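There are 2 protein chains.
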Amino acid sequence: MSGSEIMTVQRQLVDVQNGSGDVSVRLELTGEPGAAAPCLQLPFNPADHDLSPEFRLTKFGDIRGKGMKPSRDELRPLLTAFAPCGEEPAVTQLDRLGLSLLESSNMLCPVVEDPYLMGRIACASVLSGIYSLGVADCATIRMTIGVSNRLEDKEREVVVPMIIRGFRDAAQAAETLVQGATVVSNPWCLVGGTAAAVCSHHELVPPDGATVGDVMVLTKPLGTMAAVVVAHWMELPERRSRLLLTITEEDAVRAHRRAVDSMARSNRVAAILMRKYNAHAACDVSAYGILGHAEVLAKKQSNPVSFVIHNMPVIAKMSTTSKLTGNAMPLLQGLMPEISGGLLVVLPREQAAAYCKALEKTEQRQAWIIGIVESGGRTARVIDRPRVIEVPAKETGALW
Amino acid sequence: MSGSEIMTVQRQLVDVQNGSGDVSVRLELTGEPGAAAPCLQLPFNPADHDLSPEFRLTKFGDIRGKGMKPSRDELRPLLTAFAPCGEEPAVTQLDRLGLSLLESSNMLCPVVEDPYLMGRIACASVLSGIYSLGVADCATIRMTIGVSNRLEDKEREVVVPMIIRGFRDAAQAAETLVQGATVVSNPWCLVGGTAAAVCSHHELVPPDGATVGDVMVLTKPLGTMAAVVVAHWMELPERRSRLLLTITEEDAVRAHRRAVDSMARSNRVAAILMRKYNAHAACDVSAYGILGHAEVLAKKQSNPVSFVIHNMPVIAKMSTTSKLTGNAMPLLQGLMPEISGGLLVVLPREQAAAYCKALEKTEQRQAWIIGIVESGGRTARVIDRPRVIEVPAKETGALW
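Chain order of the listed sequences is X and R. Following this note's numbering, the numbering of the first sequence begins with 1 at its first residue and continues without gaps. Following this note's numbering, the numbering of the second sequence begins with 1001 at its first residue and continues without gaps.
Note that these hints are calculated values from the structure, not bench results. Heads up, a few of these hints could be off.
[Stated by the list, open to error] What the simulated footprint calls covered on chain R by chain X, stretch by stretch (three residues with Cβ under 8 angstroms from a Cβ of chain X suffice, anywhere in the stretch; the number is not a length): (1) 1134 to 1147; (2) 1188 to 1201; (3) 1211 to 1217.
No experiment lies behind these values; they were computed from the predicted model shown. The beta carbon of each residue, even a glycine, is placed where N, CA and C say it ideally should be.
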């Protein structure tokens, strides 16, 4: 017995640039890590890694809907201890130095079966908070890994290094140093961390500058969590037969592939373009859903404005499916959580189309104008019957 | 269903200084939060907080020795993905700014029953890495809380805010801003976070300057985890009867009180004194035990030195008890994990006694010269039959 239920080990990745990635792992994504070109996802086959064919990474967490507390409402009373409170990402003035320290954190349970992709997704979601400030150069990212104590020795030895490699490759693609990992033993697998950047205050886009007449742009479609849940339900016989009334197996698989592509994509280009196109404010979209995050952003505004969402770009078929599952997936209400979602960027009306075009040109991925900034009381809402934009609009067999 | 098994909420504590702490909670420690004066620990009585008398925070974790993987040996293969690797805390050169970004992280399962004290202990352990660089002013600390999904609603509403308050009070005492909390749902309770500081390189004590002839000082006694495990075993009938052959109930309670006092104490004063007394290197002592951390520190040295540990200051009675439990508690081998342990500071021989005296004067707590720096191959060892220093040397009824 070692006498401690938790072992904390930290490692500094001194030489990310020269780190020799495992090529067989790298090839699971075509092209360079982090490249914006459409990525080919090979199915993750546990047997290829000497694991039991039944091995499922997502079993070491809970995407089934049980144990999903704390919900947002449950959290509120817990966090009164932090009142008065602001929001992520944290911006700390280093008065003595005339600089700002920016930090953002996130932590995820496994949402995909492929450990390498899980690492990439976690890294993208941690960096996202810094990017929402229009800062593209993140100094460091620290990884936190919860290693499930239900993993067999062999599973642990295969899975954890793959997660780390995915995380590291994504950080490398973002030109960010992985500065250490905190490893804890835990019933569930957890992957996340904290990203930090230091810059002059004038180098960031403060999240409070929305002005009446601005518009809101969303840089990734909604429906990531919806697609993950649908894929999971497809493996449960009873759920599956009901789901098949609303969506074909093939469409569910396509939606999941698109969700994975979207979750693994970093918001870095979206951040770089924020400054170029004079963005007034932004946030990243994750656990609260698009409306929840819009509400949080609205509260931060210095002008008396409110955000009205008219359009909902959603991964194809997820909108119909979510409607037919009732309250289980409040996607069109804007309350369905997203995983590693896009940036919600507030831009001057005359710059928004150019921002979207530039993003599309650089990343081969669409962005959408989804709403407008009106005069108001720092609230946000989705209009009745928002226009649903299927992404992609037509099924061509291509990823997007 | 919210559709996400994990909810991440971030809160910025804008106004730590004016935060009105819950007085009834504060009073569980006498004096100001973080004060070095001996602290009176009232027993934590769940019923005082409308919880069931059977409520035990430590049940929402695992200090029993099960599920304590990953051990250090198990971790090594996992972390090859991070090679080449350094160690905690992370020091990142911000070349563009001519500054260093320092970061340290930690994460703990509940090791005490009192949620408020658990928060304080977690905060002290997170800050410790920054302090080991001789930097006493930490810019921010971000909290990570795993909220056990096995907690009843009522329990969650009582326990989590208490943990946060303890963490916040400890941060406040350290003049550090709590900049946000990441809250995740998890089977176990987890408390930890990441601390960050930005400074000029000349303001820190790099951990690589040990010189032949230096001595090593330890600023807290060993035996924190040992005392926690003993307290836990005292509640298990079979373990208890065997334990009582080696230690009285009263001595076990005293050892536990001392361990809590030690774990909750910050290493900030030890850090301030490092620069004053010209320290050559330091690390904090936690999950690897004193020898494990000495080994890690030895590997970092620029001079060809090795560390030899002669003295083992141990919380009274823990040394005898650990011997009689066989390999379960490798305390005198230097391998028993510590929780929020002290700093291991390498000092010039002529400064070491003055360092210890200054610490004792400021904190009313002893520090000890425990070993010497010899010429060698960057290794560390404990001599055969190290001298055990009982802390305190005599039982007077006082805490120390």
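Task: chain X covers the segment 1134 to 1147 of chain R, three or more CB atoms within 8 angstroms, holds or violated - done: n = 6 at 8 angstroms, threshold three: holds.
Task: 8 angstroms C-beta test of the segment 1211 to 1217 of chain R against chain X, three or more residues - done: violated (count 0)
Open item on the list: Can you confirm whether chain X covers the segment 1188 to 1201 of chain R, using C-beta to C-beta distances below 8 angstroms and requiring at least three such residues?
Closed with: holds (count 6)
In the structure shown, a violation is registered for the earlier hint numbered 3 alone.
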